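*Asks:* As a plain string of letters, each chain reads:
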Amino acid sequence: MSRALYPLASLEQVEKSPSREDGIPADLEEDLRAYGCKLIHQAGILLKQKQVAVATAQILFQRFWFVTSMKQFGIGDVGMGALYLASKLEECPLRMRDLINVYDLLLQRAAHAPPSGDFRYAPMSYFGNAFYDLKDALVVAEMQVLKRLGFDVHVVLPYGTLVNYMRLLDLTGREDAVSRAWGYLNDALQTPVYALYPVPTIVSAAILLATRHLHIALPSTPPNCWWELFDAEWDDVWSVCGYVMRLYRTRSAEDEERVKGMLTKKDVRRWLEEHGDR
Amino acid sequence: MSHLAESSTPSRKRSRWEQTLDDADEQLLQARESLPPKRRSKSKTQASRLADSSHTPPLPTGPLAKPLVPSARPRHSIYAPPRILYPSFRPARSVYNYERLNQIEEGSYGVVFRARDKQTGDIVALKKLKLDEEKHGFPITALREVNALMACRHENVVNIREVVVGDTLTQVFVVMDFIEHDLKTLITLMPAPFLQSEIKTLMLQLLSAVSHCHYHWILHRDLKTSNLLMNNRGTIKVADFGLARRYGDPVGVGGLTQLVVTLWYRAPEILLGATTYSTAIDIWSVGCIFAELLLKEPLFQAKSELELISMIFKLLGPPTSSSWPDYTTLPLAKSITLPPQQPHGAALRQRFPYLTNAGLDLLSKMLTYDPEQRITAEEAMQHPYFKESPLPKHPDLFGSFPSAAAGEKRRKPFDSPSAPQRLADYKLITEFDLP
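Residue numbers (the UniProt record's numbering), protein chains in the order written: chain D, 1 to 278; chain B, 1 to 435.
Since the hints were derived computationally from the structure, they do not count as laboratory data.
Any given hint could be a false lead.
Said to hold, decoys possible - In silico lysine to aspartate or glutamate, DMTMM-like type, Cα no more than 25 Å apart, as pairs:
(1) D:Lys-147 with B:Glu-162
(2) D:Lys-147 with B:Glu-379
(3) B:Lys-135 with D:Asp-31
(4) B:Lys-128 with D:Glu-175
(5) D:Lys-265 with B:Asp-167
(6) B:Lys-184 with B:Glu-307
(7) B:Lys-130 with D:Asp-104
(8) B:Lys-128 with D:Glu-91
(9) B:Lys-135 with D:Asp-133
Claimed, not checked - Pair by pair, the computed Cβ-Cβ distance ranges are:
(10) B:Ile-140 with D:His-112: 33 to 39 Å
(11) D:Gly-160 with B:Asp-167: 38 to 44 Å
(12) D:Arg-120 with B:Lys-118: 55 to 61 Å
(13) B:Glu-99 with D:Leu-272: 37 to 43 Å
(14) D:Tyr-132 with B:Gly-407: 43 to 49 Å
(15) D:Ser-239 with B:Tyr-79: 20 to 26 Å
(16) B:Gln-103 with D:Ala-122: 38 to 44 Å
No experiment lies behind these values; they were computed from the predicted model shown.
Ideal placement from N, C-alpha and C gives every residue a C-beta, glycine not left out.
Based on the provided sequences and hints, a complete structural model is requested.
*Replies:* Here you go:
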C-alpha cells in the first residue's frame, strides 16, 4: 500500500475562499498570502532555519487560507505558528523565544519602517507583555493550523522530484536551467499552487519557465510532449506558470504599502470597514 | 470500444474538476489494479482490457513507454495519481460525534477511552492527549505519533480514523479503531502459550508492519508486547507510535535520543550509547517479542541497564571483533568488562529447547549484536522458519478471548468434580446406616 496522499483544495474550496466570502478582494488576498510567505521566508533566514522547514511552513500557511478567513486570523500570527509547527515536523524545532524575537522585529519593521529604509529596532523586554502576547498568539496559531487542517499536516516538497525530472530530460548538465527551475519552485511557495496542484504539475511548470527563459527546446508537439511524461496536464502547468509570473509584476507603491498595514486581523477588519461598500 | 471512444476525446482539454465519479473509479482501477472494479460492468472491463492488449504493443511499462502510444488515453503513473483522488482540507471534527463508554487505560501520554461513533455506531478507541502543561506548544511527540500513524497505514498497524477536538484548544483526541486485546495481557492470562503455527502468523504480521514502517522512513522505537494489539480475528496491530520518528539517510541528522525503547526490548547499541542508530533497533525488539511469544514471559527481565547488558551477554555470549566489529568504538564499551567466552549459541539453545533449528536461526539473526549484520524485516519474512512445518495458521482459525479493555470477564475455568470432601460425613452416614 502506498503512502496516503497529501491534501489539496477541493473545487468548492477553490471557488469560495473564506476571505473572499468575507469581502476581501481576490487580488488583496493574493498579495497578503504572498506577503505572509515572505515574512516566513525572512524569519527562516534570520533564524538560520533549514529550507525544508521554511517550505513546509509556507505550504501549511497557504492551505490554511482555504479553510479560514483573514478576518479571523492575521497573516503574521499564522505565519509564525506555521513556521513553529513545520520546524517540529521537519525535526528541527525552534526555541519559542527566538521565533518570537524574530517575528517581533519583522512586524515592527513592517509597521514602522519608513520608505527610506532607516529603521532602528527596539527589542522587547525579557518579561514584557509584548513577549507574552506574542507567545499566546503563537500557541493559538499553531493549534489553529493543526485543528483547521484536521491534523493532516502531510507535506511533500518538490525538490527531489525536480532532480529526477531534470535527469530524465537530460538537463542536469545545464546548471543555469537547474538553478532557475529550483528558484521558480521556491518562488512558487509564495503562491497558493502547492495547495492546488500535485507536485509533478508544479515541477513541470518550473521546468517550463526555466527552459523557455533560457531558450532550451524540449519535445512539445503532440503526441510527444515532455510534460505528459510526468502526468502533468498542459492547462494546469500553464496555470501554475501564470501564478508564478504574476508574483513578479510591478506593483504600485500604494499596493506595496497596503499589505504592510494588514498583518493582523484587526488591520484587516479596519480595512474592510473602510472599503466595505465597494 | 468505449475505452477508445473515451481516449480519443482530448482529455487534456477537459478540466480535471469535471471528471465524473466514474472516471475517478476507472483511474483508481488503473492506479491500483488489485482493487476489484466497482462501477464498471464486467463486460466493459474485459472489452477495455482487450482494447488495451490489441493496441498496446509489448512495450516496457513505465512512464517512458507512454508517449509512444498516442492512441491510448494517458495512464497515470502511481507516483502521480489523478487530481481527483487527493483529499481536500478538512477541519477537525468535534469530539461530540462520539459517545464515551469506558476508560481503557491511562498512561503518561494521556487517557484512552472506549467510545461509540454516534453516526455509524462503530466502537472506537479515543486517546486524549495531555496538553495542559505544554510549554512548547503542541507536543512534538504527539505530532510524530499522529503523522506516523497517518503515513503508515497498513493491515497490521492500528488504523487512525481522525483527530477530533473538544471545546477548548487543550482538548485533542486521536480516534483509532478499537482493538480488543493487547498481546501482553493476552500472554499473561492465556492458559497455554501460543502454538508454533500461531507464533509464525503473529511474527509474519509483525514483520510486515515493521517493514512497512521502515519503508516509509519511520522508526517505531518502542516495540513491545503491550504495544501490540490483537483483535478476535487473529490479527495483530502495532500501536503506540508515541516514540516513533522519521529518520533520514544518513540516519541521525538532527540528533537522536538514547532515551528510547522500553528497557527489556532495548537493543545493545543504544545501551552502549550509540549516537546514531537505525531500523535495526526495531528488529532487536521484534526478536525479544519473538522470544516472549515462545517463552510466555519476557526474555530479558532486567531491572537496570547494566543488568540487562549482563543478561544479554550471558545468553548470547560476549561480543567479539567478528560478531560486532564496531563494539570498541561505542561510547560506553570501555566501562564494561566482558565475561569470558563461552561455546557459541549454547545458552540460547538451552533457553529454547523445543524450538526448531530454523526458528533458533531466525531468533539469533534478530538478536545479532552488530546492527549492520542484524536481519532486516524484509529478509526475516523470507526466512525458512516460516516455510517449514507447522505452517503459519490462518488468522481466522485463531481462538477468541474475552476482552479486558471492553470490560468483558473471563469465564471461570471449568471446575472438575472434586473429590468427596467430607469423608467424615460419609462415614457417619455409613455408620448410621449400620444396623
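*Asks:* Take the hints in turn and mark each one as holding or not.
*Replies:* Results for each hint:
1. At roughly 11 Å between alpha-carbon atoms, Lys-147 (chain D) and Glu-162 (chain B) fall within 25 Å of each other, so this suggested pair holds.
2. With a C-alpha separation of about 40 Å, the suggested pair Lys-147 (chain D) and Glu-379 (chain B) falls outside the 25 Å cut-off, and the hint is violated.
3. At roughly 34 Å between alpha-carbon atoms, Lys-135 (chain B) and Asp-31 (chain D) are farther apart than 25 Å, so this suggested pair is violated.
4. The suggested pairing of Lys-128 (chain B) with Glu-175 (chain D) is violated, with an alpha-carbon distance near 51 Å, which exceeds 25 Å.
5. Between Lys-265 (chain D) and Asp-167 (chain B), the direct Cα distance comes to roughly 22 Å. Compliance with the 25 Å bound is thereby established for this hinted pair.
6. Distance restraint check for Lys-184 (chain B) and Glu-307 (chain B): the Cα-Cα separation of roughly 22 Å lies within the 25 Å cut-off, and the hinted pair is therefore satisfied.
7. Taking the CA atoms of Lys-130 (chain B) and Asp-104 (chain D), the gap is about 30 Å. The hint is violated against a cut of 25 Å.
8. Restraint check for Lys-128 (chain B) and Glu-91 (chain D): satisfied, since their Cα atoms lie roughly 24 Å apart, inside the 25 Å limit.
9. Distance hint between Lys-135 (chain B) and Asp-133 (chain D) is fulfilled; the C-alpha atoms sit about 15 Å from each other, no more than 25 Å.
10. For the pair Ile-140 (chain B) and His-112 (chain D), the beta carbons lie near 35 Å from each other, so the given range of 33 to 39 Å is met.
11. A hinted range of 38 to 44 Å holds for the C-beta pair Gly-160 (chain D) and Asp-167 (chain B), which are about 41 Å apart.
12. Hint check: Arg-120 (chain D) to Lys-118 (chain B), Cβ distance near 58 Å, so the stated range 55 to 61 Å holds.
13. Under the hint 37 to 43 Å, the C-beta atoms of Glu-99 (chain B) and Leu-272 (chain D), about 41 Å apart, fit the expected range.
14. Here the CB-CB span from Tyr-132 (chain D) to Gly-407 (chain B) is close to 45 Å, well matched to the stated 43 to 49 Å.
15. The supplied range of 20 to 26 Å is met by Ser-239 (chain D) and Tyr-79 (chain B), whose beta-carbon atoms lie about 21 Å from each other.
16. For the pair Gln-103 (chain B) and Ala-122 (chain D), the beta carbons lie near 52 Å from each other, so the given range of 38 to 44 Å is not met.
Hint compliance for this structure: hints 2, 3, 4, 7, 16 are not met, and every other hint is.
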